[in-house]
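A.B. asks: We have chain A; now place chain B onto it with these hints.
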Amino acid sequence: MSELTISRRGLLAGSALLLASTALPTIGFAQTPKKGGRLVLAADSEPRNLNPAIVASNGVFFLSSKIVETLAEASFDGKDGLQPRLALSWEGAADGLSVTFQLRDGVKWHDGKPFTSADVAFSALQIWKPLQNLGRTVFKDLAAVDTPDELTAIFKFAKPTPFQLIRNALPALSSVVPKHLYEVGKIEENPANNAPVGTGPFKFAEYKAGQYYRLTRNDAYWGKDEPYLDEIVYQVLPDRTSAAAALEAEEIQLAAFSAVPLADLDRISKVPGLKVITKGYEGLTYQLVVEVNHRRKELADLKVRQAIAHAIDKDFVVKTVFLGYAATATGPVPKNDPQFYTADVPTYPFDVAKANALLDEAGYKRADDGKRFALKLLPAPYFNETKQFGDYLRQALAAIGIDAEIVNNDSAAHIKAVYTDHAFDLAVGPPVFRGDPAISTTILVQSGIPDGVPFSNQGGYKNAELDALIVKASETLDTSARTELYKEFQKKVAADLPLINVAEWSFISVARDTVGNIANNPRWAVSNWADTYLES
Amino acid sequence: MNRLRRFFRTPEAIAGALILALLAAMALAAPLLFPGDPQAIAGPALQPPFQDWSVPLGTDRLGRNVLAELFHGARTSLAVGLAAAAAALLIGAVVGTLAGFAGGLIDEALMRVTDAFQTVPSFLLALAFVSIVGPSLGVVVAAIALSAWTGPARVARAEVLSIRERDYVAGARVIGMHPLEIAFREVLPNALPPVLALSSVIVAAAILTEAALSFLGLGDPNRVTWGGMIAEGRTVLRTAPFLSVVPGVALVLTVLGIYLTGEGVVESTAVSRSLS
Chain A
1 MSELTISRRG LLAGSALLLA STALPTIGFA QTPKKGGRLV LAADSEPRNL NPAIVASNGV
61 FFLSSKIVET LAEASFDGKD GLQPRLALSW EGAADGLSVT FQLRDGVKWH DGKPFTSADV
121 AFSALQIWKP LQNLGRTVFK DLAAVDTPDE LTAIFKFAKP TPFQLIRNAL PALSSVVPKH
181 LYEVGKIEEN PANNAPVGTG PFKFAEYKAG QYYRLTRNDA YWGKDEPYLD EIVYQVLPDR
241 TSAAAALEAE EIQLAAFSAV PLADLDRISK VPGLKVITKG YEGLTYQLVV EVNHRRKELA
301 DLKVRQAIAH AIDKDFVVKT VFLGYAATAT GPVPKNDPQF YTADVPTYPF DVAKANALLD
361 EAGYKRADDG KRFALKLLPA PYFNETKQFG DYLRQALAAI GIDAEIVNND SAAHIKAVYT
421 DHAFDLAVGP PVFRGDPAIS TTILVQSGIP DGVPFSNQGG YKNAELDALI VKASETLDTS
481 ARTELYKEFQ KKVAADLPLI NVAEWSFISV ARDTVGNIAN NPRWAVSNWA DTYLES
Chain B
1 MNRLRRFFRT PEAIAGALIL ALLAAMALAA PLLFPGDPQA IAGPALQPPF QDWSVPLGTD
61 RLGRNVLAEL FHGARTSLAV GLAAAAAALL IGAVVGTLAG FAGGLIDEAL MRVTDAFQTV
121 PSFLLALAFV SIVGPSLGVV VAAIALSAWT GPARVARAEV LSIRERDYVA GARVIGMHPL
181 EIAFREVLPN ALPPVLALSS VIVAAAILTE AALSFLGLGD PNRVTWGGMI AEGRTVLRTA
241 PFLSVVPGVA LVLTVLGIYL TGEGVVESTA VSRSLS
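As they're listed, the protein sequences go chains A and B. Taken in order, the first sequence gives residues 1 to 536; the numbers are from UniProt numbering. Taken in order, the second sequence gives residues 1 to 276; the numbers are from UniProt numbering.
For reference, chain A alone in the conformation it holds in the complex (with noise of 0.2 Å):
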């Protein structure tokens, strides 16, 4: 019986189970994705709002990912990186003015109602082009989507708009919502928000508020036999010593997101029924920055830049503060990423007699007491290595007669100090790298940006040169040479120093090794876990 649900499998690869079919054959026949089963995880955080279509950010992903899917998810091998989800094909016109999307057939919400080209009209015009947080830049230019019949939807754009950027934006920002449940009443206020509804292999069944979400299986999902597991329940567990703890006790199947500390994961590697997956985020890669506020006069000075930047040391960080589960950075396009990324940038080595050097050029002198200027320090508190990496800056800017004082803050009091009062004068922030620099990367740079957004340029840096370039690559409709002028970006923006890059890093799972297919693809952790399954 299990052999003939693999044929047919095989003869139905290439197109919706891409995904299944690549991972069967690497597996091996013998590991027959079993059905059934609940998969208990932790989860750090409790989203107020759980409309990925709303707030596209990976917390929110994590859940919602599962219920409410995408028109394309990332994908290891996939053409340009994608494979297919809500929608079967895209295609970009030549003038860059539009990009036609044709659907998957007989997909059902999970309400019963069909879903249809309308939702993704309504969802890309009404929902991520002026509600999502990153779709506003993605999408700004959308004009209309004509919907010609049920399963065709396409978008038309007022200006030329790159179809390199709309594919590498596809697997995060295209998360599609019912059209029925949100056409009434105001979007930010429906209820589907904190119990969503959508055409994915899980559905929303309940949530306990600082207990636990509990996902039943979507009997009507589109996938041929998917999803595997009947039941997913993310037990909140916000203390990251317990997700260990919890893992050892088999309280919990698997911990993603680096929930278990990074100083945990070579004794709980050790451990015998536990794995540690370091795959599967190559899509979600963090950078670890240090935002400067052009507006301190020192700041302002390339040569104070180019002497911090030369006073940190990347290794001792990568070694010490991520125990070696990062990459030193050289720019701000991760190493990792396949389209964009080079090499061929100015560097900073960890030299401090140079960086001594440099501040001694620029005329600040060490006063008596050794120390040249005093500037005020604030590490993002969103993850333990922001934070210790704060504390590594304070010791390495000593070290060139710079004194730090660290202002902690919570969450809200650190986005309000740095992104609406422009309250530091150096921030240690991770933003996030989404497949494109035009996604989240170059709003890090670009001048003219409005107080109060945050994962922004707040530090008041402005470069008419490079912001000349942001917005050519905005328009070039070419893919070689829209990623030319972007490989440009970064050799800019490595001379000048608007911030500095240090390190990227991503995240580790952990999780016990009856958990079948783990890390299939660029981003496993928020993709929509359909095959994913139990073995026992």
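Listed below are several chain B residues computed to face chain A (Cβ distance under 10 Å; list not exhaustive): (1) GLN39; (2) LEU62; (3) GLY63; (4) GLY134; (5) PRO221; (6) ARG234; (7) VAL236; (8) LEU237; (9) ARG238; (10) ALA240.
Calculated lysine to aspartate or glutamate pairs in the EDC-like style (CA-CA distance at most 20 Å, straight line): (11) A:LYS34 - A:ASP513; (12) A:LYS371 - B:ASP37; (13) A:LYS376 - B:ASP37; (14) A:LYS129 - A:GLU475; (15) A:LYS270 - A:ASP513; (16) A:LYS35 - A:ASP513; (17) A:LYS354 - A:GLU298; (18) A:LYS319 - A:ASP351; (19) A:LYS387 - B:ASP37.
None of these hints come from the bench; they were simulated from the model. Glycine included, each C-beta is placed from N, C-alpha and C at the ideal position.
C.D. replies: Same frame as chain A, now just chain B:
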């Protein structure tokens, strides 16, 4: 002299005094034994204790010398404990004296304010204060004092209520002294001993509160504190338990030392009172 001998009669008091003396020595010697920034990186990260004698108690997540941090942490803990207790006693004594001596409406008003402060859990009050004003050493001291002054205020008021009926107070009134002068020059000094007896409890509580605030990330991040060290070590509790255990033990010993000493002082004065 007599009292000192009486104090050292109990072994608890001796133990307490020894611990406190050691702690004071640590705090005073810290800048001499470990000059420079105790948060400077001294070696490879997460070295276990008793391996490398240049860092006898090992190193933390960033490679900082745990022993140096411990010594400098003693300074912070003692400074915060003493300053907060002094501030709390000062506020408490002034409020209590005013309330007790003035009586009437002023007494009512001041005591209701005291009640209001007492009904709020003191740690919660400190927590809220620090998270609003922002963490720095001065704010932490103020926050702890703010949550600890009510005890001394009540004790001071009770003492003042009995003292103000004494003959010498009536005498001072007759010679025309200003009421405030009588309150603070004649009454307060005599009301102080029982208030001061509270000091050991307050210092110990202040050190614990400071540690708890630092543990929650609300301490001054530019200073080493024991609470902060415990919090830092917590993430690696399973792989490097010494990072939390060492400052934890120091904290326990300190609070124990202060309690025992305070106990000894109270007992010796109690004996002397009953003798006299």
